[in-house]
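A.B. asks: Each chain, letter by letter, is given below.
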Amino acid sequence: MKSRQWIKVVWPVVPILAALLVTSLLLYLFGANPLTAFDAMLQGAFGDQSKTLSVLAFWVPLLLSATGLLVTFTAGLWNIGIEGQIIMGAIAASWVALKLEAPSVVLIPLEILAAMAAGALWAALSAVLKTRGKVHEIFSGLALNNIAIILTNFLISGPWQPPEGGTFRGTEPFQEGALLPLLGESRFSPLSLVLAVVAFSMVVVTLQGTLWGLKLKALGKNLRSAFLLGVSSEREMILAMAFCGALAGLGGAVRVLSWFDSLRQSISGGIGFLALLVVMLANYRVFWIPPISFFFSMVLNGAISLQLRTQLHSSLGGILTELMVLFVILFGDAAKLGIFRKKNEHD
Amino acid sequence: MHIELRDICKYFGPVKANDGISLVFESGRIYGLLGENGAGKSTLMKILSGYQLPDSGEIVIDGQPQRFSSPAEALGRGIGMLYQDPLDIPAFNVKDNYLLGRDRRVILDYKMAREELEEITARFSFELDQQASIENLSLGERQQLELTRLLVGGAQVLILDEPTTGISADQKDKLFNSIRKLAWEEGKTIILVSHKLDEVQELCGEALILRKGKLVGRSEVPCSNEELVEKMFGQVPLRGERPVYEIGAPVLELRDIRIPTYRLTVEDINLTVQAGEIFGLAGLEGSGQQLVLKACAGLVKTDRGRISLVGQDITHWSYQRLRTAGVGYIAAGRLEEGLVAGLSLTEHLVLSQPSHRFFIDWMGARKQIEARIEQYQIVGRPDSNADELSGGNQQRLLFGLLWESLKMILLEHPTRGLDVRSSDWIWEQLYARRQSGTAILFMSSDLDEIIDRSDRIAVFSGGKMSRILEAKKTTVEEVGHLIGGQA
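Chains as they are written, first to last, in the working numbering: chain A, 1 to 347; chain B, 1001 to 1487.
Keep in mind that a hint or two might mislead.
[What the hints assert, rightly or not] Anything over 10 Å on all C-beta distances counts as not near chain A; from chain B, calculated:
1. D1129
2. L1139
3. E1336
4. E1370
5. L1447
[Stated by the list, open to error] No more than 30 Å apart at the CA atoms, straight line, and that leaves these computed lysine-lysine pairs for DSSO-like:
6. B:K1294 / B:K1473
7. B:K1472 / B:K1294
8. B:K1473 / B:K1407
9. A:K221 / B:K1294
10. B:K1473 / B:K1301
11. B:K1407 / A:K134
12. B:K1367 / B:K1172
13. A:K134 / B:K1472
14. B:K1214 / A:K221
15. B:K1016 / B:K1214
16. A:K134 / A:K51
17. A:K221 / B:K1196
18. B:K1367 / B:K1196
The hints are simulated quantities; they were obtained by calculation from the structure and are not laboratory data. For glycine and all other residues, C-beta sits at the position ideal for the given N, C-alpha and C.
Using the sequences and the hints, build the whole thing.
C.D. replies: Laid out in structure tokens, this is it:
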């Protein structure tokens, strides 16, 4: 019994090791030394202070999105539309940054509120389409993602085009006061990390100690029974989606206001989809969310300098993370493999 | 075939589901396995049919010790089990379902399937339309299909788990005839798991009685019901006396209600349930009685007529609004419509109670659920998950979650699958509720329950409601005729 419990604790690490192993094998087949490659990645992530800060800066919006997804996953909702919610948040923050002139103390809270509202609305739209229009949130989410991308492209090549002419790459840089205060020369804003930590703690408390959290848990496990027990399924679903959308929108604001300084074509950088993978890896274990998303950020940032040092393409980082998710889905649930015998129901 | 179970033990944590059971089954005989809910019948049969492994003990077939790791392996050795819910695929037709379990080749042999199916259905006078899709079959017909598949698969021992739950009287007769034929003419061993004494008396040659995981008795049947009941429960439980109650003012009134669904339109429903009254709805599954109950709960839309609760028009109220107004509803499917698998008893209590607090008071909730576990005699702990409870305890939990004072309770099959003692207990709770003026409207497919427990009865047949009967003045025959649509 004791050794079993021990296996259970370390089990989440197994897919990570397996993914590392397969990636090593791939590297070996391409004639590269896996150790050199991993060392290059590690150097790329933590080689100097600016690199470490880059990892942190990339981590914050990823953590925000994954935290939001924890809420929708608990409620049994597949919020694939998170990517669009991040983009809408970025657009709303950019709108405030471009159109309003005010001191930072006023401007930054306004940008953040606008971003959260836009993300929440975009997500709520998906939820209403589900409860009222019977459209599955995966399909509405995908459609809304595309609309958000098209809207970005329209804005940066149309109304928000820089005065010197359309480059299709982005708007002109925002006014200095609109940007989040950054640490040194990096793209990392300590304020954004504080917001992410607050959001994460809020979600932990919500899911474990509040009636609303319990309602979402019930909804996610059995919609019909939850309804009959008195949970208003429509209201809670819309709220759960909006909550997640708000956090994703905040993530989008962090992207435009610290990682970049303007609205860009691919503003999200796939963070929404990455956050989905993080949550799947964590599999409802709340406290695994921060380390896993940090690890993802580390691998993806490290992979950039991998290319510079070893001539291996930086998509190796992507391969590594994706493999990890595959392995988790494959044998992440130890019970399914019969390693822990599940308690059977009895007569 | 000679089957011997030797000292079978199966524990689930502290619960001894099977505690050293030894039994012998001979071919050509029909055995009845009796016991109250939680006595260990299902566990024992799951072990015999390869669904579960015992913790200790062995299964010996014709002198050879066996170890089954799957139901397919058990069927390979000649042991097949017919589950309460047939294991078929609803979207398929009969032939495809049959082939799914039968044919192991890449190309399906439809000709062989048709011939085999025809041969067996003719032998047992089953009526199976091979082209029919499973969705359109009744539970009884699906059982016949399953039985056919087990027989073709080579079953020498057939285990039937509560096979008569939810099938018509006619289908039951057919099933019993084919069981007799299988045992007496073809020398197969039949094990009938049941808690219906009459069925065991009618069909079996020997009754084996389990209590608390042990074999506590065996009787040649037919014998007296009292003898079996005494062995099942240790003592003869007294049938709960029906307290007399003076019926009060109307609580629920339905006037000219019409409920259109794509399968069936229920029309011209007029009935009144008074305070403290118990009103029973009888009829075959799907005759409209369930739709009427659900309409009263706000779960099904009516398009004509008026429903009122204590004089107030509630025709288009939502379920949640009716709930707050004092209407309690317990659906038939406990884990589908009522309880959430994976949530604890405490969590269920917190969810179900009217509360506007943002943070959950876990300590308080735990105290409350402990009190209810005690009051409703639920075998479970505050942090047990609802799906870990046995069927009877799940039903007790559902009653424990009902609000304190209710104007009206709506119930679908309140005692389905429960043994005599648990059902009696459930009805005692309901009698206590009526004392405080709660009106009770329930549906059941058990005619005795309808007649014994109700004050008044309405019978549904094909979406039409019969005249209203006084329970004291009616008989099973009269209700039976009305169910068949004869006025």
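A.B. asks: Taking the hints in turn, state whether each one holds.
C.D. replies: Here's how the hints hold up against the structure:
1. Separation of B:D1129 from chain A is adequate, the least Cβ-Cβ distance of about 32 Å exceeding the 10 Å criterion.
2. Distance check for B:L1139 against chain A: the nearest CB is about 21 Å away, which clears 10 Å, and the non-interface claim stands.
3. Once the 10 Å rule is applied to beta carbons, B:E1336 is inconsistent with being away from chain A; the minimum gap is 6 Å.
4. Its beta-carbon lying about 18 Å from the closest one in chain A, B:E1370 satisfies the requirement of being farther than 10 Å from that chain.
5. B:L1447, annotated as away from the interface, keeps every beta carbon of chain A farther than 10 Å; the closest lies near 27 Å.
6. Taking the CA atoms of B:K1294 and B:K1473, the gap is near 28 Å; set against the 30 Å cutoff, the hint holds.
7. Using a Cα cut-off of 30 Å, the hinted pair B:K1472 and B:K1294 holds, with the two alpha carbons roughly 27 Å apart.
8. Distance restraint check for B:K1473 and B:K1407: the Cα-Cα separation of roughly 27 Å lies within the 30 Å cut-off, and the hinted pair is therefore satisfied.
9. The straight-line distance between the Cα atoms of A:K221 and B:K1294 is roughly 23 Å, inside the 30 Å bound, and the hint therefore holds.
10. For the hint pairing B:K1473 with B:K1301, the CA-to-CA distance comes to about 34 Å; that exceeds 30 Å, so the pair is violated.
11. For the hint pairing B:K1407 with A:K134, the CA-to-CA distance comes to about 34 Å; that exceeds 30 Å, so the pair is violated.
12. With a C-alpha separation of about 46 Å, the suggested pair B:K1367 and B:K1172 falls outside the 30 Å cut-off, and the hint is violated.
13. A hinted pair counts as satisfied when its Cα atoms are at most 30 Å apart, and A:K134 with B:K1472 does not qualify at roughly 48 Å.
14. Only pairs whose Cα atoms come within 30 Å are accepted, and B:K1214 paired with A:K221 is rejected, the gap being roughly 36 Å.
15. About 9 Å separates the Cα atoms of B:K1016 and B:K1214, which keeps this hinted pair within 30 Å; it holds.
16. With a C-alpha separation of about 46 Å, the suggested pairing of A:K134 with A:K51 is violated against the 30 Å cut-off.
17. For the suggested pair A:K221 and B:K1196, the alpha carbons sit about 34 Å apart, so the restraint of at most 30 Å is broken.
18. Restraint check for B:K1367 and B:K1196: the C-alpha separation of about 37 Å exceeds 30 Å, so the hint is violated.
When the structure is compared with the earlier hints, violations turn up for hints 3, 10, 11, 12, 13, 14, 16, 17, 18 and for no others.
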